[in-house]
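Asker: Using the sequences plus the hints, can you model the full thing?
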Amino acid sequence: MAIAFKNIQAGTARKFTLSSANNSTKNAAFYLWGNPSRPVVAELGDDSGWHFFSQRNPDNSIVFTVNGQVIPLNYGNFDARYKYRTEGVQDVRYGHEMYYSPGSNTVSWRFCAPSGHGLSGMAISDTGRNSADNVDGVYYRPLQKLINGT
Numbered sequence: 003m004a005i006a007f008k009n010i011q012a013g014t015a016r017k018f019t020l021s022s023a024n025n026s027t028k029n030a031a032f033y034l035w036g037n038p039s040r041p042v043v044a045e046l047g048d049d050s051g052w053h054f055f056s057q058r059n060p061d062n063s064i065v066f067t068v069n070g071q072v073i074p075l076n077y078g079n080f081d082a083r084y085k086y087r088t089e090g091v092q093d094v095r096y097g098h099e100m101y102y103s104p105g106s107n108t109v110s111w112r113f114c115a116p117s118g119h120g121l122s123g124m125a126i127s128d129t130g131r132n133s134a135d136n137v138d139g140v141y142y143r144p145l146q147k148l149i150n151g152t
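If you're matching positions, the sequence shown starts at 3 in my numbering and goes up one per residue.
Among these hints, one or two may not hold up.
[To be verified] Below, simulated EDC-like cross-link-like pairs (lysine to aspartate or glutamate); rule was C-alpha separation at most 16 Å, straight line:
#1 LYS147 - ASP128
#2 LYS28 - ASP49
#3 LYS147 - ASP93
[Said to hold, decoys possible] With beta-carbon atoms standing in for the labels, derived distance ranges:
#4 ASN59 - VAL94: 34 to 40 Å
#5 SER39 - VAL137: 50 to 56 Å
#6 SER56 - LEU20: 15 to 21 Å
#7 THR67 - LEU20: 19 to 25 Å
#8 LEU75 - GLN146: 27 to 33 Å
#9 ASN29 - ASN59: 25 to 31 Å
#10 SER39 - GLU99: 49 to 55 Å
#11 THR67 - GLN146: 35 to 41 Å
If you're looking for bench data, these hints aren't it; they were derived computationally from the structure.
Cβ coordinates follow ideal geometry from the N, Cα and C atoms, glycine included.
Answerer: Structure below.
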């Protein structure tokens, strides 16, 4: 077992611990690096790539980036700038399907779905000739949405 600590400064009351359970399938490391466009980058990675990093930009702003999904267990730290998990759009689905047909495919026709509805399909008939197929009609459905629990 090899342990190497170099240039670690600890306070007088608490200790900083670095340990391994020795059962990981990959090696992991913290990296501190930088370049002119990214002056300071503190990064955690393993043998397959990076997990996350914190970066100070040339304008002194800070960016925290995660290579994957962040799954909060507690939304209590979200402030008013963000919608709570129970607010906003929670579900969207189509309602009962309806069909519109002009009655004849020999006329030009136009259809606009009613307010709150969306087009969900088209009925096409093959003309069997060297011309464009005909649109016989369109399917549309009301859009149902769940916002703020209603």
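Asker: Please go over all the hints and tell whether each is borne out by the structure.
Answerer: Outcome of the hint check:
| no. | hint | in the structure |
| --- | --- | --- |
| 1 | LYS147 - ASP128 | violated (36 Å) |
| 2 | LYS28 - ASP49 | holds (6 Å) |
| 3 | LYS147 - ASP93 | holds (6 Å) |
| 4 | ASN59 - VAL94: 34 to 40 Å | holds (37 Å) |
| 5 | SER39 - VAL137: 50 to 56 Å | holds (53 Å) |
| 6 | SER56 - LEU20: 15 to 21 Å | holds (18 Å) |
| 7 | THR67 - LEU20: 19 to 25 Å | holds (23 Å) |
| 8 | LEU75 - GLN146: 27 to 33 Å | holds (30 Å) |
| 9 | ASN29 - ASN59: 25 to 31 Å | holds (29 Å) |
| 10 | SER39 - GLU99: 49 to 55 Å | holds (53 Å) |
| 11 | THR67 - GLN146: 35 to 41 Å | holds (36 Å) |
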